[in-house]
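Asks: Single-letter residue listing:
Protein chains: 2
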Amino acid sequence: EILRAAEDLLDNTPKPLAGKRAIVTSGPTREDIDPVRYISNHSSGKQGHAIAAALAQAGAEVLLVSGPVSIPDPHDVTVVNVICAVDMQQAVDRALPADIAVFVAAVADWRVDSQASEKIKKDKSGKPPALSMIENPDILAGVGNGKKRPALVVGFAAETENVVDHARAKLAKKGADWIVANDVSEENNVFGGDANTVRLISAHDDEAWPKMSKEDVAAKLVERIAQRFETVSV
Amino acid sequence: EILRAAEDLLDNTPKPLAGKRAIVTSGPTREDIDPVRYISNHSSGKQGHAIAAALAQAGAEVLLVSGPVSIPDPHDVTVVNVICAVDMQQAVDRALPADIAVFVAAVADWRVDSQASEKIKKDKSGKPPALSMIENPDILAGVGNGKKRPALVVGFAAETENVVDHARAKLAKKGADWIVANDVSEENNVFGGDANTVRLISAHDDEAWPKMSKEDVAAKLVERIAQRFETVSV
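In order, the protein sequence lines correspond to chains A and B. One point on numbering: in the working numbering, the residue at position 180 of the first sequence is 180, and numbering is uninterrupted. One point on numbering: in the working numbering, the residue at position 205 of the second sequence is 205, and numbering is uninterrupted.
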C-alpha cells in the first residue's frame, strides 16, 4: 500500500483522460446448464484487464465488469465480478452514464432457457437432454444504441475468418464507434496467450496493428482514445 | 528436490500399497463446441488429486489422468494431462493393467458431434445454432466391465438428489466395486471448496462419512483400499 502510494506520487505520466469515466468488460461469461455443467469460452480476461489498467493509468475513473477469470484485479480500478451475461448487462447498465465504454468480454451468445435446478441425468434413450437455448442480451448493442450512450463506444470481435467484413457489419448494427477485431484462429494462440494481433476498424478506417503484447494493444488503444478526446469535442 | 529426497528418506509412514499400480482420473473434461466455446463443469480436481497423492503416500505407483485444472500436480505421481472425455478414455486405456482404478473426474456426458472449425455465427433467425450432441464414452463402465478390469474399481458420483439410489444403480451398471457418492447440491459448496460430504457405497454397505476435508476423504478412502487388499486376496 505504501509502495503503491509512493508510486502514485512519483507517477509523472500524462493523464489525458483525467475526469473521464470509463466502463470496461472483460473475461468470459459462464452460463449454467444445471448445478454441475456450464457453457463458457476460452477468454482469459488478459486483454480486457490490460485495457482497464491502461485507462486508469491515463487518468480515467474505471469500472471493470469482469466474468470469472483467474488473473488479479488491475490497480486503481473498481471491479464488479459477474458470472453470466445477464448479470454482466445489469452491472454495465448500473454503471452508466460514462464517457467511454470498451466491451472486451467474450459474452456467451446463448444461455439455457430453463436452467435445471437438479443435475440432468442421462436417460436410456442414448439421446442428449433437449436444452432449450435463448439468446443472451447483446450488451454492446444495448449500450451503443441506447439512450445513455457514452461518447465513445468500442467493441471487440473475436473472429476466425473474414475478420474485417464481420467487424464492419458489427459497427453499424451495434452502434459502436470502433471495433477492435482479432483473429482467434488456432495458429494465433490468442486465448490465454500474452500477445494479440488486432485491427482497429471504424466506419472509414482500418488499421492493422502488428502482433504485440496485450499490454501494448491496451496502451495503443488508450492512446487512440486520448487522441479522440483531444481532437473531437464530445 | 533435495528437500523432497530428505522427506522421502524420513518418511516412516506404512506403505500398505507398495507394489500396487493405481490409476486415478481427476478434474473436469472440456468439450469444444467451436474454436471459441466449450462445455465444461465445476470440478476443481482437488478431490481426485488428493486421492492420487494419498495413494502414492501409501506406496502405490500412481498414474493420474487429469482434465484441465489450475491446481498443482501431486508429488510422486505421474500426470497425464487431457482436455476432453475421448482423450481421457484413451489415456486410461493406455495405462491399464492396474490393481486399482479410482474415477474421480467429472467427465462430460456429451460432446458436440461435428465440432465446428470456425466460430459459429449468430444468424438472423434469433434461434441458437443446432448443436448435434453425441454421448461420450463411459470411462468407468468401460473399465469396470472390461477385460483388463483392475481388482478394485471405484467410481465417484456427483449427485444433487436421491444420492444413494443413484449410486446403487451405478454400481451394477458400471461394474464398480464401490461408488463414492457426494451431494453437490448448492448448499454443500463442494465444487471448488475444500470440504466434502460423501457416502461410500458398495453392493452391501452404505457408509455415510461426516463432512471432512478433501484430503481427509482421500486418506480415509485409501485406508479402506489398503484394508481391502489386506483382507481379500485379489
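Calculated from the structure, these hints are not laboratory results. Among these hints, one or two may not hold up.
Dumping the calculated DSSO-like pairs for lysine-lysine here, alpha-carbon to alpha-carbon at most 27 Å [said to hold, decoys possible]:
(1) Lys119/A x Lys174/A
(2) Lys173/A x Lys119/B
(3) Lys148/B x Lys119/B
(4) Lys119/B x Lys174/A
(5) Lys211/B x Lys15/A
(6) Lys214/A x Lys173/B
(7) Lys15/B x Lys119/A
(8) Lys119/A x Lys174/B
(9) Lys148/B x Lys119/A
(10) Lys148/B x Lys173/B
Computed, partial: chain A to chain B, Cβ under 8 Å [claimed, not checked]:
(11) Asn12
(12) Thr13
(13) Lys15
(14) Val36
(15) Arg37
(16) Ile39
(17) Asn41
(18) Pro72
(19) His75
(20) Glu118
(21) Ala158
(22) Glu159
(23) Glu161
(24) Ser202
Glycine residues also receive a C-beta, built at the ideal position from the N, C-alpha and C atoms.
Asks: Taking the hints in turn, state whether each one holds.
Replies: Hints versus structure:
| no. | hint | in the structure |
| --- | --- | --- |
| 1 | Lys119/A x Lys174/A | violated (37 Å) |
| 2 | Lys173/A x Lys119/B | holds (19 Å) |
| 3 | Lys148/B x Lys119/B | violated (40 Å) |
| 4 | Lys119/B x Lys174/A | holds (19 Å) |
| 5 | Lys211/B x Lys15/A | violated (54 Å) |
| 6 | Lys214/A x Lys173/B | violated (50 Å) |
| 7 | Lys15/B x Lys119/A | violated (39 Å) |
| 8 | Lys119/A x Lys174/B | holds (19 Å) |
| 9 | Lys148/B x Lys119/A | violated (31 Å) |
| 10 | Lys148/B x Lys173/B | holds (17 Å) |
| 11 | Asn12 | violated (38 Å) |
| 12 | Thr13 | violated (34 Å) |
| 13 | Lys15 | violated (36 Å) |
| 14 | Val36 | holds (5 Å) |
| 15 | Arg37 | holds (5 Å) |
| 16 | Ile39 | holds (5 Å) |
| 17 | Asn41 | holds (5 Å) |
| 18 | Pro72 | violated (14 Å) |
| 19 | His75 | violated (23 Å) |
| 20 | Glu118 | holds (5 Å) |
| 21 | Ala158 | holds (6 Å) |
| 22 | Glu159 | holds (7 Å) |
| 23 | Glu161 | holds (5 Å) |
| 24 | Ser202 | violated (22 Å) |
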